[in-house]
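First to last, the sequence lines map onto chains Z and L. If you count the first sequence from 1, you need to add 3 to reach the numbering used here. If you count the second sequence from 1, you need to add 38 to reach the numbering used here.
No lab work stands behind these hints, which were simulated from the structure alone. Check the hints yourself; a few may be wrong.
[To be verified] Listed below are the simulated DSBU-like cross-link pairs for lysine-lysine, each with C-alpha atoms no more than 30 Å apart in a straight line:
(1) L:K91 x Z:K91
(2) Z:K91 x L:K136
(3) Z:K5 x L:K97
(4) Z:K95 x L:K91
(5) Z:K5 x L:K136
(6) L:K136 x Z:K169
(7) L:K136 x Z:K135
[As the list claims (entries may be wrong)] Sample of chain L residues lacking proximity to chain Z, with all beta carbon distances greater than 10 Å (derived):
(8) E41
(9) P42
(10) V134
We put the beta carbon where it would ideally sit given N, CA and C, even for glycine.
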Amino acid sequence: MKGSTIVFYLLALLTLVCGILSVSTRQIFRAAIYLLFTLIGIAGIYFWLDYQFIAAVQIVVYVGGIVVLIIFSIFLTQQTGERLPRQKPGRKIFSALAVFCGFAFTMLQVFQHEFTGTLEEGAQPSVQNIGKLMLGTQNGGYALPFELVSMLLLAALVGCIVIAIKNKEEAK
Amino acid sequence: MTEPGLYHLLFISGALFFAGIYGFFTRRNLVTMLMSVELILNSVNLNFIAFNKYLWPGKMEGLFFTLFIIAIAAAEAAVAIAIIINVYRTHQSIDVEKAEEMKY
Numbered sequence: 004m005k006g007s008t009i010v011f012y013l014l015a016l017l018t019l020v021c022g023i024l025s026v027s028t029r030q031i032f033r034a035a036i037y038l039l040f041t042l043i044g045i046a047g048i049y050f051w052l053d054y055q056f057i058a059a060v061q062i063v064v065y066v067g068g069i070v071v072l073i074i075f076s077i078f079l080t081q082q083t084g085e086r087l088p089r090q091k092p093g094r095k096i097f098s099a100l101a102v103f104c105g106f107a108f109t110m111l112q113v114f115q116h117e118f119t120g121t122l123e124e125g126a127q128p129s130v131q132n133i134g135k136l137m138l139g140t141q142n143g144g145y146a147l148p149f150e151l152v153s154m155l156l157l158a159a160l161v162g163c164i165v166i167a168i169k170n171k172e173e174a175k
Numbered sequence: 039m040t041e042p043g044l045y046h047l048l049f050i051s052g053a054l055f056f057a058g059i060y061g062f063f064t065r066r067n068l069v070t071m072l073m074s075v076e077l078i079l080n081s082v083n084l085n086f087i088a089f090n091k092y093l094w095p096g097k098m099e100g101l102f103f104t105l106f107i108i109a110i111a112a113a114e115a116a117v118a119i120a121i122i123i124n125v126y127r128t129h130q131s132i133d134v135e136k137a138e139e140m141k142y
């Protein structure tokens with residue numbers, strides 16, 4: 004067995020175990036930390052697949068941005084050390100059953116299906132090629148969605164400030 | 039243990055997706071529900087990258103979809119956390135069952 008295979012299985016194990024713990028633990032801060040390790044595991048899988056740019060973006064945006072944002076919002080809204088209230092057992096059993104059936108059905112379909120694709124070699128996912136395609140306006144370039152996403156980010160920035168701003172009359 | 043391929047990645051992303059669904063069903067706290075949504079989005083990203091790598095290695099469509107999904111997920115998380123902080127300010131709690139009326 005090759006070393007890269009062992010690395011892949013270790014990354015997969017880290018991702019899956021931390022992902023499941025993140026939705027099942029009752030301490031909200033631990034859930035955030037498990038989510039952090041899940042995201043790091045996914046970034047490791049991207050590295051393993053030779054998509055270095057996506058892995059770097061994953062670490063910068065998710066691990067460095069969204070998880071930190073989530074941890075700050077936990078600090079702002081939650082008493083630390085307090086456990087989440089216990090859920091009704093009926094709801095837990097029913098959701099686990101529904102999720103297990105959905106997962107089994109999906110995996111059955113996936114493993115029965117024979118995927119066919121092209122195996123032609125073409126553009127490598129290097130940063131140079133990504134940059135050329137990202138700002139290209141012809142031949143399959145992504146300039147228009149790039150500009151749309153920049154508008155969306157601006158709108159989200161303004162919207163966040165408007166939503167979270169404190170009303171002066173209420174504060175008095 | 040066999041050599042990892044497309045099916046292994048699809049298994050990981052499917053398991054992550056349904057873990058996120060389970061969290062979304064059972065959690066009643068807005069922050070943990072947001073974490074479940076992040077898990078679901080990440081599993082979709084992994085799917086795009088896996089199909090790009092193993093079925094169309096000469097193209098980069100899946101990679102660009104992943105990039106745009108990451109950008110949109112960042113915007114979505116920021117707006118969701120602003121809404122959560124606003125809900126906490128008006129209701130003193132971020133439990134979805136306690137936030138019953140839309141306008142206070």
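A quick look at each hint next to the structure:
1. L:K91 x Z:K91: violated, 42 Å
2. Z:K91 x L:K136: This hinted pair holds, its Cα atoms lying about 16 Å apart.
3. Z:K5 x L:K97: Roughly 28 Å separates the two Cα atoms, so the pair holds.
4. Z:K95 x L:K91: Violated: Z:K95 and L:K91 sit about 37 Å apart, past 30 Å.
5. Z:K5 x L:K136: Outside the cut-off at roughly 53 Å; violated.
6. L:K136 x Z:K169: Holds, because 22 Å separates the two Cα atoms, which is no more than 30 Å.
7. L:K136 x Z:K135: Given that 30 Å is the threshold and the Cα spacing comes to 50 Å, the pair is violated.
8. E41: violated, 6 Å
9. P42: At about 4 Å from chain Z, L:P42 fails to clear the 10 Å cut-off, so the statement is violated.
10. V134: holds, 12 Å
Hints 1, 4, 5, 7, 8 and 9, counting from the list given before, are not met by this structure.
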